[in-house]
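Colleague: Input sequences plus hints: build the corresponding full structure.
Now for the letters of each chain:
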Amino acid sequence: QQQVKQSPQSLIVQKGGISIINCAYENTAFDYFPWYQQFPGKGPALLIAIRPDVSEKKEGRFTISFNKSAKQFSLHIMDSQPGDSATYFCAASKNFGNEKLTFGTGTRLTIIP
Amino acid sequence: SAVISQKPSRDICQRGTSLTIQCQVDSQVTMMFWYRQQPGQSLTLIATANQGSEATYESGFVIDKFPISRPNLTFSTLTVSNMSPEDSSIYLCTGRVNTEAFFGQGTRLTVV
Chain U
1 QQQVKQSPQS LIVQKGGISI INCAYENTAF DYFPWYQQFP GKGPALLIAI RPDVSEKKEG
61 RFTISFNKSA KQFSLHIMDS QPGDSATYFC AASKNFGNEK LTFGTGTRLT IIP
Chain V
1 SAVISQKPSR DICQRGTSLT IQCQVDSQVT MMFWYRQQPG QSLTLIATAN QGSEATYESG
61 FVIDKFPISR PNLTFSTLTV SNMSPEDSSI YLCTGRVNTE AFFGQGTRLT VV
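Going down the list, the sequences are from chains U and V.
With my numbering, the residue at position 10 of the first sequence is 10, and numbering never jumps.
With my numbering, the residue at position 24 of the second sequence is 24, and numbering never jumps.
There could be a bad hint or two in this list.
[Unchecked claim] Simulated pairs of lysine-lysine, BS3-like, Cα-Cα distance not exceeding 30 Å: (1) U:Lys-94 with V:Lys-7; (2) U:Lys-58 with U:Lys-5; (3) V:Lys-65 with U:Lys-94; (4) U:Lys-5 with U:Lys-42.
[Said to hold, decoys possible] Ranges between beta-carbon positions, derived for each pair: (5) U:Met-78 with V:Lys-65: 42 to 48 Å; (6) U:Lys-42 with V:Ser-18: 38 to 44 Å; (7) U:Gly-16 with V:Thr-20: 26 to 32 Å; (8) U:Ser-55 with V:Glu-100: 15 to 21 Å; (9) U:Asn-98 with V:Glu-86: 29 to 35 Å.
Derived from the structure by calculation, the hints contain no laboratory data.
Where a beta carbon is used, it is the ideal one built from N, C-alpha and C, also for glycine.
Modeller: Structure representation (structure tokens):
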């Protein structure tokens, strides 16, 4: 069964801290792992994505860590800011994103001053 | 990044009526997908819109309720037919452009 499990469901982090969201998948055929950020009333915005040929990808304050053997990947937000408060979804797809995305259940992140 | 535009952005509709949502991509995409997101929930795939062939529907979604058109590589429509309050949701289209999968801003539908 194609599933992506995401945790935690909600997360509160102090400003300047590191936010960490984890996802685990089952289907070893997945080869594209994006993270989306969604603000209330908006569509999901692509934040960063990784493919299984690398173990880490960094873009600014956002880093994806990927563990192929454990079938896990995580999003790290460094120096978290109040503007990062949003819902984050991990997802997975086959065929480098050309097939449907299977989404995690989402993490509501709140950054407090 | 790609621009995926959806129309309308929101609508309030009477039960029993139908609404057609349009999705326009600023570049050609092979496959487009339609998702539904109920308040506070994750995204559920409705169907895959294939250019030149019928859409492929996920379990629980049927063509009579959610007919889809895909006349070319940059455009698709989703119709929500014979609406009921349970259809109140955000409907989103997505396509893969270059190497990444982008979403439209969504259509917030309220059925009264």
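Colleague: If a hint holds in the structure, say so; if it doesn't, say that too.
Modeller: Against the structure, the hints come out as follows:
Between Lys-94 of chain U and Lys-7 of chain V the CA atoms are separated by roughly 29 Å; this keeps the pair inside 30 Å, and the hint holds. Note on Lys-58 of chain U and Lys-5 of chain U: the hinted pairing holds, with a Cα-Cα distance of about 22 Å set against a maximum of 30 Å. Straight-line distance between C-alpha atoms of Lys-65 of chain V and Lys-94 of chain U comes to about 27 Å, which keeps the hinted pair within the 30 Å bound. The hinted pair formed by Lys-5 of chain U and Lys-42 of chain U meets the criterion: a straight-line CA distance of about 23 Å does not exceed 30 Å.
Here the CB-CB span from Met-78 of chain U to Lys-65 of chain V is close to 45 Å, well matched to the stated 42 to 48 Å. Our hint of 38 to 44 Å for Lys-42 of chain U and Ser-18 of chain V is violated, since their Cβ atoms are close to 25 Å apart. A hinted range of 26 to 32 Å for the beta carbons of Gly-16 of chain U and Thr-20 of chain V is inconsistent with their spacing of about 47 Å. Range check, Ser-55 of chain U to Glu-100 of chain V: about 19 Å between beta-carbon atoms, so the 15 to 21 Å window is met.
Against the hinted window of 29 to 35 Å, the Cβ-Cβ separation of Asn-98 of chain U and Glu-86 of chain V comes to about 31 Å, which satisfies the hint.
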